[in-house]
Amino acid sequence: MSSSDERHDNSADRGEAGSESGVSRRNFLKGSGVALTIPLVAKGENVGQAAGVPIHGPGKVNITLNINGASRSASVEPRVTLLEALRHDLDVTGAKRVCDRATCGACTVIMDGNLVYACSVLAIEAQGKKIETVEGLEQNGRLHPVQQAFVDNDAQQCGFCTPGFVMSTKHLLDKHPTPTPEQIEMGLGGNLCRCGTYHGIKAAVAQASRRRGGRRNG
Amino acid sequence: MHKFEYASPKTLDQAVALLGSNWSEAEVLAGGTDLLSLMKDFVETPKRVVNIKDIPDLKGIRMVRDGSARIGALATIDQLIDAFGKTVPAISDAGMGITSPQIRSMGTLGGDLCQRPRCWYYRAGYGLLAKGENGDALVPNGDNRYHAILGNRGPAYFVSASSFGPALVALKARILIHGAGGKREVDADKFFVAPTSDSGREYDLRPNEIVVGVSIPSTLGVRSATYEVRQKEALDWPLAAASVALKMDRSKKVTEAGIALGHVAPTPWNAAEAASWLVGKTVTEDVAAEAGKIALAGAMALSRNAYKIQLARVAVKRAILKAAM
Chain A
83 MSSSDERHDN
93 SADRGEAGSE
103 SGVSRRNFLK
113 GSGVALTIPL
123 VAKGENVGQA
133 AGVPIHGPGK
143 VNITLNINGA
153 SRSASVEPRV
163 TLLEALRHDL
173 DVTGAKRVCD
183 RATCGACTVI
193 MDGNLVYACS
203 VLAIEAQGKK
213 IETVEGLEQN
223 GRLHPVQQAF
233 VDNDAQQCGF
243 CTPGFVMSTK
253 HLLDKHPTPT
263 PEQIEMGLGG
273 NLCRCGTYHG
283 IKAAVAQASR
293 RRGGRRNG
Chain B
72 MHKFEYASPK
82 TLDQAVALLG
92 SNWSEAEVLA
102 GGTDLLSLMK
112 DFVETPKRVV
122 NIKDIPDLKG
132 IRMVRDGSAR
142 IGALATIDQL
152 IDAFGKTVPA
162 ISDAGMGITS
172 PQIRSMGTLG
182 GDLCQRPRCW
192 YYRAGYGLLA
202 KGENGDALVP
212 NGDNRYHAIL
222 GNRGPAYFVS
232 ASSFGPALVA
242 LKARILIHGA
252 GGKREVDADK
262 FFVAPTSDSG
272 REYDLRPNEI
282 VVGVSIPSTL
292 GVRSATYEVR
302 QKEALDWPLA
312 AASVALKMDR
322 SKKVTEAGIA
332 LGHVAPTPWN
342 AAEAASWLVG
352 KTVTEDVAAE
362 AGKIALAGAM
372 ALSRNAYKIQ
382 LARVAVKRAI
392 LKAAM
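In the order they appear, the protein sequences are chains A and B. Counting from 83, one number per residue, gives the positions in the first sequence under our numbering. Counting from 72, one number per residue, gives the positions in the second sequence under our numbering.
Keep in mind the hints are simulated off the structure, nothing from the lab. For clarity, every value in this text was computed on a predicted model and none was experimentally measured. Every residue, glycine too, gets a C-beta built ideally from N, C-alpha and C. Among the hints, erroneous ones may be present.
Far from chain B, some chain A residues (derived; all Cβ distances over 12 angstroms) [as the list claims (entries may be wrong)]:
| # | residue |
| --- | --- |
| 1 | Thr163 |
| 2 | Gly223 |
| 3 | Leu225 |
Across the chosen pairs, the derived CB separations fall in these ranges [claimed, not checked]:
| # | chain 1 | residue 1 | chain 2 | residue 2 | range |
| --- | --- | --- | --- | --- | --- |
| 4 | A | Thr146 | B | Glu304 | 50 to 56 angstroms |
| 5 | B | Glu304 | A | Asn196 | 21 to 27 angstroms |
| 6 | B | Arg277 | A | Thr260 | 49 to 55 angstroms |
| 7 | A | Thr260 | B | Asp258 | 40 to 46 angstroms |
| 8 | A | Leu225 | B | Val264 | 51 to 57 angstroms |
| 9 | B | Lys157 | A | Thr262 | 16 to 22 angstroms |
| 10 | A | Phe242 | B | Ser322 | 20 to 26 angstroms |
| 11 | B | Lys157 | A | Leu225 | 24 to 30 angstroms |
| 12 | B | Arg194 | A | Gly134 | 33 to 39 angstroms |
| 13 | A | Gly134 | B | Lys130 | 30 to 36 angstroms |
Which bits of chain A does chain B cover? Going by a derived footprint, with three or more residues having C-beta under 8 angstroms, they are [to be verified]:
| # | region |
| --- | --- |
| 14 | 129-137 |
| 15 | 145-157 |
| 16 | 228-238 |
| 17 | 276-286 |
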């Protein structure tokens, strides 16, 4: 258990711009007790080696992410999640931070075709993967049919959960173009709306599935 | 979350060498849906995180002609549902109980087996055994509505959160482990253990060992099912669950049986007495209900969870009926 100060430390959430305070790498390693670590090879890069494998961090490391088809670089500590890197380092703020515990779905993005909670993926491990966020849906100034369906069906109230629901809906319809009510519930089961707009969301899914050439179900 | 150093090995030997000889040194990262949350709450504070997702040996599900299967630890819940939906419903039913597509695509079999308890005392920082300032156990007279009803004489009172554990116990699967000392295998039933100290773990792994997969013995002719009693259909753990694997002869008499319960004890609970009682019987609703009673014969309620005993009996009954159908 850590001190109460640490429990409320949100520094990582802001990408810890310019903060090098705290434990130095040298002291960290002294105290870590992890065997076989060889100190920094590339100064300032925070990359060492152990067991023939590169060791990154705990300081900032350079990473490159593929976001909505564009290559984006950032310098983040290994503890920074994909969600934090998107929002704080790359200014891609569509995915929202709510529970930050793999439960509510507000941070939902699509990674290599899989629906994932960006709060529970480390930015460093998301390298080399194709990341799709809500920002990538609009094409040439036209909303994606799923986005348009959310607008048309008033499928939001406060709107904070909406980007996550939109991504889950897109993923659901990519997989099941004409989903059954059960498939809709299973496909959107990882997203929560505290305003309770589920009725509008279901209507939006129905509309989007028709727009995409699907047959209406139910 | 505390700072940590990060490595992404490509081989099992590298991964094992990167792990420490104490639990506090390093943690294994697979799906991340449990580990990152634990680290954000400072329940786990590893100095190093070893991402095992780039190790090819841990991937894939291999179905063998004789009806057996070998599942890599990195198999996702979605992959398990797809692979076993038709042949081993005990596994796919358990996967379908995880009602979030995000968790189903991220979560792995190894992670399901090694996830930490969902006990709210543990998650709030009171330790695995949930002790107060004077070292007294908080659960027996605390808010124990979701805690154990079997194997709950202490010091552990939480329930195993594993979705697949009961199915693997019922199917008599073996857990494949790789460590600094080489490979070993352990029966699923023996893999899960109730810890006796706050620094212990709920499974038979040393700090520098990794679950590499699971081997399922032949399921040809095996009828299986998992039944969960749930408070709601949305993402949550069941209140009680049971997995059943049966072999039956032509007259529908049970010739072999495995029954295990989930969310009732600090480990998946092997209801061996109920299973052996079931052998030789023809499955009817009354027989299934009686097996449920036998499975829960040793149950003991804590102050607020007596309701779970009946739910668990029903889970066993319905899992047997579902399997035999």
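Right, here's what the structure says about each hint:
The non-interface label for threonine 163 of chain A is inconsistent with chain B: the shortest C-beta to C-beta separation is roughly 7 angstroms, within 12 angstroms. With a least CB separation of 30 angstroms from chain B, glycine 223 of chain A remains clear of the 12 angstroms interface cut-off, as annotated. With a least beta-carbon separation of about 23 angstroms from chain B, leucine 225 of chain A lies farther than 12 angstroms from that chain, consistent with its non-interface assignment. At roughly 40 angstroms, the beta carbons of threonine 146 of chain A and glutamate 304 of chain B sit outside the given window of 50 to 56 angstroms.
The hinted range of 21 to 27 angstroms is satisfied by glutamate 304 of chain B and asparagine 196 of chain A, whose Cβ atoms lie roughly 22 angstroms apart. Checking the proposed 49 to 55 angstroms range against arginine 277 of chain B and threonine 260 of chain A shows it holds: the Cβ atoms sit about 50 angstroms from each other. The hinted range of 40 to 46 angstroms is satisfied by threonine 260 of chain A and aspartate 258 of chain B, whose Cβ atoms lie roughly 45 angstroms apart. A beta carbon spacing of about 54 angstroms between leucine 225 of chain A and valine 264 of chain B agrees with the range 51 to 57 angstroms that was offered as a hint.
The beta-carbon spacing between lysine 157 of chain B and threonine 262 of chain A, approximately 19 angstroms, falls within the hinted interval of 16 to 22 angstroms. Roughly 60 angstroms separates the CB atoms of phenylalanine 242 of chain A and serine 322 of chain B, a value that falls outside the hinted 20 to 26 angstroms. A hinted range of 24 to 30 angstroms for the beta carbons of lysine 157 of chain B and leucine 225 of chain A is inconsistent with their spacing of about 40 angstroms. Between arginine 194 of chain B and glycine 134 of chain A the beta carbon distance is about 36 angstroms. The supplied range of 33 to 39 angstroms therefore holds.
At about 21 angstroms, the beta-carbon gap between glycine 134 of chain A and lysine 130 of chain B misses the expected band of 30 to 36 angstroms. Against chain B, the region 129-137 of chain A contributes 7 residues with a C-beta closer than 8 angstroms to a partner C-beta. That satisfies the three-residue criterion, and the hint holds. Counting residues of the region 145-157 of chain A whose beta carbon lies closer than 8 angstroms to any beta carbon of chain B gives 0, which falls below the threshold of three, so the coverage claim is violated. Under the rule that three or more residues need a Cβ within less than 8 angstroms of chain B, the assignment of the region 228-238 of chain A is violated, with 0 such residues.
Counting residues of the region 276-286 of chain A whose beta carbon lies closer than 8 angstroms to any beta carbon of chain B gives 0, which falls short of the minimum of three for the stated coverage.
Hints 1, 4, 10, 11, 13, 15, 16 and 17 from the earlier list are contradicted by this structure; the remaining hints agree with it.
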